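Asks: Spelled out, the chains give:
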Amino acid sequence: MRSHFWNRSAALLAVAAMAACGGGDGGSSEAADDAGEATPAAAAVDPSTVGTISGMANFGGMVPTMEAIDMSAEAECAAGYGADGPMAQSVLVSEGGLANVFVYLSEGVSGAPAASGAATLDQVNCRYTPHVLGVQSGQDIEISNSDNLLHNINATPTENRGFNISQPRAGITSTQRFQVAEVMVPVRCDVHGWMQAYIGVVDHPYFAVTGADGSYSIANVPAGDYTLTAWHEEFGTQTANVTVTAGEMAVATFDYNAEMMGAEVPMGDALVLEHGTNRIRVERTQ
Amino acid sequence: MRVLRRGTLGTLGTLALGGFAILALSAAPPLSAQEDAAAAGKVVYDRWCAECHGETGQGDGSAAASMLPRPRDFTQALYQIRTTGSGQLPTDADIRFAIENGLPGTTMPGWPNLTDGEIDDLIVYLKSFSRFFGQGPAPEPLDFGSDPGGGPAAIEAGAAAYLTMLCEECHGLSGRGDGTSAPTLEDWRGLPIRAADLTEAWVLNGGSSVEDMHTRMLTGLDGTPMPSAIDAMNSGVVSPDEVWQLAHYLASLGPREMPPLREVIRVGRAEAGLPADGEEEAWAGVEAFYFPMSGQVVQLPRNFAPAVDGLWVQGLHDGSDIALRVQWNDPSNSPDPNWDEWQNKITAALDLDGAEPIALDSAGAPTARPPDAVLLQFPFEPPEGTDRPYFLMGDAREPVYLWTWDSETGVGAGRGRGLDSVEPLGEDPVTGEATWEEGRWTLYLRRSIEVESDGLDFAEGAPMPIAFQAWDGSSAEVGKRSSVSTWYYILLEPPASSTVVVTPLLAMLLTGAFGLVLVRRAQDRRRDG
Ligand code: HEC
Ligand code: HEC
Ligand SMILES: [Cu+2]
Numbered sequence: 056m057r058s059h060f061w062n063r064s065a066a067l068l069a070v071a072a073m074a075a076c077g078g079g080d081g082g083s084s085e086a087a088d089d090a091g092e093a094t095p096a097a098a099a100v101d102p103s104t105v106g107t108i109s110g111m112a113n114f115g116g117m118v119p120t121m122e123a124i125d126m127s128a129e130a131e132c133a134a135g136y137g138a139d140g141p142m143a144q145s146v147l148v149s150e151g152g153l154a155n156v157f158v159y160l161s162e163g164v165s166g167a168p169a170a171s172g173a174a175t176l177d178q179v180n181c182r183y184t185p186h187v188l189g190v191q192s193g194q195d196i197e198i199s200n201s202d203n204l205l206h207n208i209n210a211t212p213t214e215n216r217g218f219n220i221s222q223p224r225a226g227i228t229s230t231q232r233f234q235v236a237e238v239m240v241p242v243r244c245d246v247h248g249w250m251q252a253y254i255g256v257v258d259h260p261y262f263a264v265t266g267a268d269g270s271y272s273i274a275n276v277p278a279g280d281y282t283l284t285a286w287h288e289e290f291g292t293q294t295a296n297v298t299v300t301a302g303e304m305a306v307a308t309f310d311y312n313a314e315m316m317g318a319e320v321p322m323g324d325a326l327v328l329e330h331g332t333n334r335i336r337v338e339r340t341q
Numbered sequence: 018m019r020v021l022r023r024g025t026l027g028t029l030g031t032l033a034l035g036g037f038a039i040l041a042l043s044a045a046p047p048l049s050a051q052e053d054a055a056a057a058g059k060v061v062y063d064r065w066c067a068e069c070h071g072e073t074g075q076g077d078g079s080a081a082a083s084m085l086p087r088p089r090d091f092t093q094a095l096y097q098i099r100t101t102g103s104g105q106l107p108t109d110a111d112i113r114f115a116i117e118n119g120l121p122g123t124t125m126p127g128w129p130n131l132t133d134g135e136i137d138d139l140i141v142y143l144k145s146f147s148r149f150f151g152q153g154p155a156p157e158p159l160d161f162g163s164d165p166g167g168g169p170a171a172i173e174a175g176a177a178a179y180l181t182m183l184c185e186e187c188h189g190l191s192g193r194g195d196g197t198s199a200p201t202l203e204d205w206r207g208l209p210i211r212a213a214d215l216t217e218a219w220v221l222n223g224g225s226s227v228e229d230m231h232t233r234m235l236t237g238l239d240g241t242p243m244p245s246a247i248d249a250m251n252s253g254v255v256s257p258d259e260v261w262q263l264a265h266y267l268a269s270l271g272p273r274e275m276p277p278l279r280e281v282i283r284v285g286r287a288e289a290g291l292p293a294d295g296e297e298e299a300w301a302g303v304e305a306f307y308f309p310m311s312g313q314v315v316q317l318p319r320n321f322a323p324a325v326d327g328l329w330v331q332g333l334h335d336g337s338d339i340a341l342r343v344q345w346n347d348p349s350n351s352p353d354p355n356w357d358e359w360q361n362k363i364t365a366a367l368d369l370d371g372a373e374p375i376a377l378d379s380a381g382a383p384t385a386r387p388p389d390a391v392l393l394q395f396p397f398e399p400p401e402g403t404d405r406p407y408f409l410m411g412d413a414r415e416p417v418y419l420w421t422w423d424s425e426t427g428v429g430a431g432r433g434r435g436l437d438s439v440e441p442l443g444e445d446p447v448t449g450e451a452t453w454e455e456g457r458w459t460l461y462l463r464r465s466i467e468v469e470s471d472g473l474d475f476a477e478g479a480p481m482p483i484a485f486q487a488w489d490g491s492s493a494e495v496g497k498r499s500s501v502s503t504w505y506y507i508l509l510e511p512p513a514s515s516t517v518v519v520t521p522l523l524a525m526l527l528t529g530a531f532g533l534v535l536v537r538r539a540q541d542r543r544r545d546g
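Each protein sequence line maps, in turn, to chains A and B.
Residue 56 is where the first sequence starts when you use our numbering, and the numbers rise one by one after that.
Residue 18 is where the second sequence starts when you use our numbering, and the numbers rise one by one after that.
Here chain A stands alone, though its shape is the one from the complex (with noise of 0.2 angstroms):
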């Protein structure tokens, strides 16, 4: 049972590690790759010290229709969709498994090795990519445009300094840092209202996003007792504790449904906005 599980992550991991776009050290040598030298966190790794996490985001019962999205203004992007066309992203579930959770450890770290590496989030026909990134304090996170349109990209973090910046050719990239943990900035395209992304910041490597079947694995976590928390834009935040042993795998699940639709979802500092009434009201949800 556990051997099994074991091996489907490790197949998985790579998966999980390009969901997180080379976050930290998460345990991608495609990250370390892409530095063009060994992170230093990463070579410091002594593996009989660390452990990994691994595991599931569950989606049971009825999947909730996601709806079309209406890209005939920008048609070049609409021709990158099938005949179905662009749906919503913020439900994603293949085969029981729940897509762009954000996983964390959110207790029980103490001390990190710093940034290393470029996390990248690309818009593509009109979408992010990824949906939801995670990225470590400090890291650079490299925005780049492959459609021949224009974008801007609107990061409205409470804890860091946002930006807005305009990208309104393919090929432009602008390099960006969030200075402290936020869970979650949302980023978003004024031009595409349709276009949202979520970026996870957190102050050191323990961090993924569940792929296309709904995995995850966090490797390389120091032996210790932790708090996982995983996020998710629908669902709100689930929490979990794990005991990470060295030189084993860790095991935590979260369970979602449909019923969990319109839970309170936190935001680096989430403005609710109340219609209804004549006014609307701002408030802070945490």
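Hints were generated in silico from the structure; no laboratory data involved.
Fair warning: this is a prediction, and the values are worked out from it, not measured in the lab.
Using N, Cα and C, we set each Cβ at its ideal position, and we do this for glycine too.
Any given hint could be a false lead.
[What the hints assert, rightly or not] Selected chain B positions facing chain A (Cβ under 10 angstroms, derived; list incomplete):
#, residue
1, Gln93
2, Met182
3, Leu183
4, Ser198
5, Thr201
6, Gly237
7, Ser252
8, Ser256
Since chain A is already given, all that's left is putting chain B with the ligands on it; use the hints.
Replies: This is chain B with the ligands only, laid out in the frame that chain A set:
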């Protein structure tokens, strides 16, 4: 009364501070210079700024809910007017610039009454609202390079850069804020925000000079959708010189200053006959008069965030007919379902003063899409002396004559006895039509100068009072939630000399200016609650 309260508070504040200072001297170590300045800044702030920006700096003062854009929330330290990069903190000089000049186009006034020292203290106090200040090194201005110069070639290059940068996605090809994305734009609070009308440079938040606009393009306006173009420039999409040329192009889109206020629309005699519609070339040679509009804030429900901020009026006559052309900028050709979301957001965002908001159907679409509208009013009876009816569509005693137009029913006439009492005048001979193009309405009106059956008689050489009102349907402006002007005059120029009317005109000019003061004062008073 208000002054009294302020005065009292101010004095109390000073007394309290004085007491504190004495205490500090006698017991604890002396306050640092920063704390001193912040304390002094608080006194000025509580007196002049808190009503809008809120006592705790969150932009939620007692007057805030009726404004769009809302007063800034200083706790997030999101400043639009900066010389620093996107997302960076402003320099002290940037904050000073905003306080001294205000943010044109918003309710944020300039503060010429404050001394340099008071502004210094205010800056310290504003910064103390946010934890972001004091972290890390002091913010540094960007390197803006130097202006290679303007002129026709630069403007042409700038126009090309505008398209290369795809500014039109938000600002529209014409620059009037009618881009494809315009109806969906939101500020950092999720409230609807207009893509600036670049043809009215005098209402740009950060100033109307070439340098101002160049700065805004490279820094972006934090907290709004207006992005920084700096990475596009650094990637070579446009060169640093082209960004300057783009600023020259923007500055060429319209007058930099608000057109000077003139009281009298001079309607010249068209020697070659009257233009048959609003599009005819002949209008290009006719002098245009600009009339600023302000929100109707005298009667409930009031409008503190008016959409139409001014009208351009031109007139010609041929001795028997008069033709007027009225033009104004409005990015939406209401009713237009593309602006539904905008209309809903405006309805939700503004304090409607008890007016019934437009209801939404089960799919979230508005159940009504009001039209755009404009109305011209004249005294019903020929005016005697400088006496004129009440500027808000007359009253029971002194009704007004109305020429009405809206985008659904077209041109008509009516008799007004106050804002909610209009009686259509079916048989009126006024005709006309309106066209909307790239964020601008052009309304053409025509009528015979003298009509037997009514009192409206534009005798040559006799100035006729005229006032305006306007609505943007997509901004949920209906009924009393309109833009209004005070009384002006329209004068049909006689063929010969016009010296005859100089003296009465002068007298009327004076009262006209007084009328405007009244509107402003009424507005201020209402705003003060
Ligand atoms: C009548 C309401 C009102 C009053 C009074 C007022 N403000 Fe403002 N202020 C605003 C509004 C509205 C904005 C935001 C405009 C926008 O977002 O475009 C603003 C914005 C600002 C900004 C931000 C500029 C930027 O770069 O974004 C500063 C600084 C400021 N006000 C300072 C002050 C100070 C200091 C005072 C008192 C001396 C004051 N304000 C009084 C309405 C007001
Ligand atoms: C994503 C939409 C968007 C794009 C793209 C955009 N703008 Fe803006 N722009 C805005 C909005 C919204 C405002 C109004 C901000 C406010 O009122 O505070 C604005 C304001 C401005 C202003 C007025 C600044 C001031 O002082 O008030 C200028 C000048 C300007 N834009 C120029 C440009 C130019 C030139 C481009 C192309 C390089 C451009 N904008 C691209 C949305 C956009
Ligand atoms: Cu986009």
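Asks: None of the hints should be skipped; say for each whether it holds.
Replies: Here is what the structure says about each hint:
| no. | hint | result |
| --- | --- | --- |
| 1 | Gln93 | 7 angstroms, holds |
| 2 | Met182 | 5 angstroms, holds |
| 3 | Leu183 | 4 angstroms, holds |
| 4 | Ser198 | 5 angstroms, holds |
| 5 | Thr201 | 5 angstroms, holds |
| 6 | Gly237 | 5 angstroms, holds |
| 7 | Ser252 | 4 angstroms, holds |
| 8 | Ser256 | 14 angstroms, violated |
Going through the hint list in order, the structure does not satisfy hint 8, though it satisfies all others.
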